[in-house]
Amino acid sequence: MAGVSLKKVVKRFGAYQIIHGADLEVADGEFVVFVGPSGCGKSTLLRMIAGLEEVSAGELMIGGRLVNDVEPAERGVAMVFQSYALYPHMTVEQNLSFGLRMTGHDKADIARRVTRTAGILRIAELLQRKPRQLSGGQRQRVAIGRAIMREPKLFLFDEPLSNLDAELRVQMRVELARLHRELGVTMIYVTHDQTEAMTLADRIVVLRDGNIEQVGRPLDLYDDPDNQFVAGFVGSPKMNFIPARIVERGEKGATVELAGDRPTRLRQPLTGPAPEAGSSVVVGVRPEHFGEAGKGDADLSVAVDMAEHLGGTTFVYASMAGNRELVIQRDAEHRADAGEITVSIRKSYLFDESGKRLR
Amino acid sequence: MRLRTRTAYAFLTPYLLVFLAFWIWPIVNSFWLSFLNTRTANWTFNPQVTWGRLLVDPAFANALKNTLLILVIQVPIMIALATVLAVLLNSPALKARGPFRFAFFAPVVVGEVAYAAVFRLMFNEFGIINKLGMTAGLPAVAWLSEPTAAMAVIIIALTWRWAGYNAIIILAGLQSIPDDVYEAATIDGVSKFRQFLFITLPLLRPVIILCVVLSVIGTMQLFSEPFLITNRGGPGQATETLGLFLYRMGFNTFNFGYASAIAYTIAALAVAISLLNLWIGREREQ
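Residue numbers (the UniProt record's numbering), protein chains in the order written: chain W, 1 to 359; chain A, 1 to 286.
Among the hints, a few may not be true.
Here are some, though not all, of the chain W residues that point toward chain A, as calculated from beta-carbon distances under 7 Å [unchecked claim]:
id : residue
1  : LEU52
2  : ALA73
3  : MET79
4  : PHE81
5  : SER83
6  : ALA85
7  : HIS89
8  : GLY99
9  : MET102
10 : THR103
11 : GLY104
Derived pair list, reagent style DSBU-like, types lysine-lysine, alpha-carbon separation capped at 30 Å [to be verified]:
id : chain 1 : residue 1 : chain 2 : residue 2
12 : W       : LYS130    : A       : LYS192
13 : W       : LYS238    : W       : LYS295
14 : W       : LYS347    : W       : LYS252
15 : A       : LYS192    : A       : LYS95
16 : W       : LYS8      : W       : LYS153
17 : W       : LYS295    : W       : LYS356
18 : W       : LYS238    : W       : LYS252
19 : W       : LYS153    : A       : LYS192
20 : W       : LYS107    : A       : LYS95
The following residues of chain W were derived to be distant from chain A, with all beta-carbon distances above 12 Å [to be verified]:
id : residue
21 : GLU74
22 : PHE98
23 : ARG101
24 : ALA111
25 : GLY119
26 : ILE120
27 : GLN138
28 : GLN171
29 : THR199
30 : ASP220
31 : LYS238
32 : ARG262
33 : GLU292
34 : GLU325
35 : ASP331
Since the hints were derived computationally from the structure, they do not count as laboratory data. Heads up, the beta-carbon is just placed ideally off N, CA and C, and yes, glycines get one too.
All chains, full assembly: derive it from the sequences and hints.
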């Protein structure tokens, strides 16, 4: 087992820089998820850890050893690919054992590992089949099995569930969590699906445009985002952002006025310095942080455009003055289909113009 | 018949007539011809002088031997070379891939007569090949008048002309193998050479079989090179192939019955060898 350490890691393709000096410590046995929109560099970062991409600058350590120039096979890692990358002409058993056979591993040990892996992933009855005779979920298991066969110190997953249907994805997610518990090995997992990130991760690394935006436990990112990007990326439906202006700043906070033709004022407690009065800011409110009128920090009147009734909860799509779209989560007692409703803001976040969180 | 269908057939008719007259009819008629003695004024049914002669004619045996010799030596060398070329062309390390691809494919586009003339010049007694050989201290070879050397020239010419063509087909097959399969093998610690042996080659098998079958069919019909480069299968009949022998029987001695029997033999051999290839290369189920 091994932790991973990235120090000022940079990746360039020619003149084009993809990763801009990433710093990260992954503890031994931890399940870390890289998440971010497509093109943010999360897969590149994972492939650098695997050794499939060279590190342009900085230091990459696995288990305390500098591995910048170490061959992928010597790093003690195993990787599961999005497309499974199974060898199409080999049976499941041959797929599992191929790497070990090719590197002259002891035959009895290979057989032992195949049996164990097939047991862990419940694929014993599939061993003699070829990949094309398997369903998507079964192929994914075999791909994971091939990784387990190496008995790696570090597992790397590159969007392993994105080719599966929704139901299978949930099922495999549970299995991956079980696998992590059983093997207790460090795992780094790349996804663009924040639900996967929230449910699997010990810690989440949010990336954007080749920069690590924030690292933290899932609920910490949800409760206490560092910036507007993370706030918007974590949580579903995403946080509402309402432009606002500081109207007064004091010792322990500031008062902001939400944009719109019926100005709403909101008091924001802050421990740090507040921007000057008149500065533009953004107020973030999660859909679930709207409450009954009169019971929050400020009330807001909105016109309901549409509602999605999911049974226990209802998502109301509404517009406030100034035509700003809002998503409001309501419970079963407070469904609304049309008309004007008044809701209160129970909890909100304040961001400066650059998107940085004001605390 | 619906109007649309009728219109379609109307447009197809000219082609179908040509196809019938110049494809179907000769195929059917030559089959019938192959049983006739065409060396008499009145053609008579006598398979003994056509099919029967195949079994005893030393000239046919010679042409068959030459053709099979080319098949057994040239096709494997060419396919192996084409595979290596394709892998090199596919290498990400290769700069200027486009020009290389064109260069290897170009021989197919060159006219047969032109390339044959150049090969005759290169391999004649005072040609560049002998000149280069002598510079390197090798004795001059009578390429076109010595039987074994003449056969070698045919094999070299064929390989030059068709290796690139096959390489392009194999390259297409290579490009259909996803990169991540190799990445998975790299992480598994499998060397590049073993990746080639155990991943690339098995996955290329259908494409390589296609190339082999196409080459077998081409070789069985081989005509231009021995006709043009070694001057009608010379020296003597040393490079006379089945295709040339057929031509000689049909259009030099006008023995159409015998030529038809040879033609059918060539077709049957091509089919048989191709089927054998497909059978050998079939995917074996566990």
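Quick rundown of the hints versus the structure:
Taken as an interface hint, LEU52/W checks out: its beta carbon lies about 5 Å from the nearest beta carbon of chain A, inside 7 Å. Contact between ALA73/W and chain A, as hinted, is supported at the beta carbon level, the nearest pair being about 3 Å apart and thus within 7 Å. Given the 7 Å rule on beta carbons, the hint for MET79/W holds: about 5 Å separates it from the nearest Cβ of chain A. The beta carbon of PHE81/W is positioned within 7 Å of a beta carbon in chain A (closest approach about 5 Å), and the interface hint is therefore held.
Given the 7 Å rule on beta carbons, the hint for SER83/W holds: about 6 Å separates it from the nearest Cβ of chain A. Hint status for ALA85/W relative to chain A: holds, with the closest Cβ pair at about 4 Å, below 7 Å. With 7 Å as the threshold, the beta carbon of HIS89/W comes within range of chain A, its nearest partner Cβ sitting at about 5 Å, so the hint holds. A hinted interface residue such as GLY99/W counts as satisfied when its beta carbon comes closer than 7 Å to some beta carbon of chain A; here the least separation is about 3 Å, so the hint holds.
With a cut of 7 Å, the hint placing MET102/W at the interface with chain A holds, because the nearest CB-to-CB distance is about 4 Å. Interface restraint check: THR103/W against chain A, minimum CB-CB distance 5 Å, threshold 7 Å, status holds. Hint status for GLY104/W: violated, given a least beta-carbon distance of 10 Å to chain A, over 7 Å. Among the hinted pairs, LYS130/W with LYS192/A is consistent with the structure: their alpha-carbon atoms are about 23 Å apart, no more than 30 Å.
Between LYS238/W and LYS295/W, the direct Cα distance comes to roughly 23 Å. Compliance with the 30 Å bound is thereby established for this hinted pair. Taken as a hint, the LYS347/W and LYS252/W pair is honoured in the structure, with Cα atoms around 17 Å apart against an allowance of 30 Å. For a cut-off of 30 Å, the pair hint linking LYS192/A to LYS95/A stands: about 20 Å separates their Cα positions. Distance check on the hinted pair: LYS8/W and LYS153/W sit about 23 Å apart at the alpha-carbon level, within 30 Å; holds.
Straight-line distance between C-alpha atoms of LYS295/W and LYS356/W comes to about 28 Å, which keeps the hinted pair within the 30 Å bound. For the proposed pair LYS238/W and LYS252/W, the alpha carbon gap of about 28 Å is at most 30 Å, so the pair holds. With a C-alpha separation of about 24 Å, the suggested pair LYS153/W and LYS192/A falls inside the 30 Å cut-off, and the hint holds. Note on LYS107/W and LYS95/A: the hinted pairing is violated, with a Cα-Cα distance of about 42 Å set against a maximum of 30 Å.
Some Cβ of chain A comes within 12 Å of the Cβ of GLU74/W; the nearest lies about 8 Å off, and the non-interface call is violated. Separation of PHE98/W from chain A is inadequate, the least Cβ-Cβ distance of about 7 Å not exceeding the 12 Å criterion. Separation of ARG101/W from chain A is inadequate, the least Cβ-Cβ distance of about 9 Å not exceeding the 12 Å criterion. The claim that ALA111/W is not at the interface with chain A holds, since no C-beta of that chain comes within 12 Å of its own (minimum 17 Å).
No Cβ of chain A approaches the Cβ of GLY119/W within 12 Å, the least distance being about 21 Å, so the stated non-interface status holds. The non-interface label for ILE120/W is consistent with chain A: the shortest C-beta to C-beta separation is roughly 19 Å, beyond 12 Å. Interface exclusion of GLN138/W from chain A stands, the closest Cβ pair being 16 Å apart, more than 12 Å. Consistency note on GLN171/W: stated as away from chain A, and its beta-carbon is indeed over 12 Å from all of that chain's, at 24 Å minimum.
Listed as a non-interface residue, THR199/W keeps its Cβ farther than 12 Å from every Cβ of chain A; the least gap is roughly 26 Å. For ASP220/W, the shortest C-beta to C-beta distance to chain A comes to about 32 Å, beyond the 12 Å cut-off, and the non-interface label holds. At roughly 32 Å, the least C-beta separation between LYS238/W and chain A is larger than 12 Å, which holds for a residue marked as non-interface. The claim that ARG262/W lies off the interface holds: its Cβ sits roughly 55 Å from the closest Cβ of chain A, which is beyond the 12 Å cut-off.
Residue placement check: GLU292/W keeps its beta carbon more than 12 Å from all beta carbons of chain A (closest about 52 Å). Under the 12 Å C-beta cut-off, the non-interface status given to GLU325/W relative to chain A holds; the minimum distance is some 40 Å. For ASP331/W, the requirement that its beta carbon stay farther than 12 Å from each beta carbon of chain A is met, with the minimum near 46 Å.
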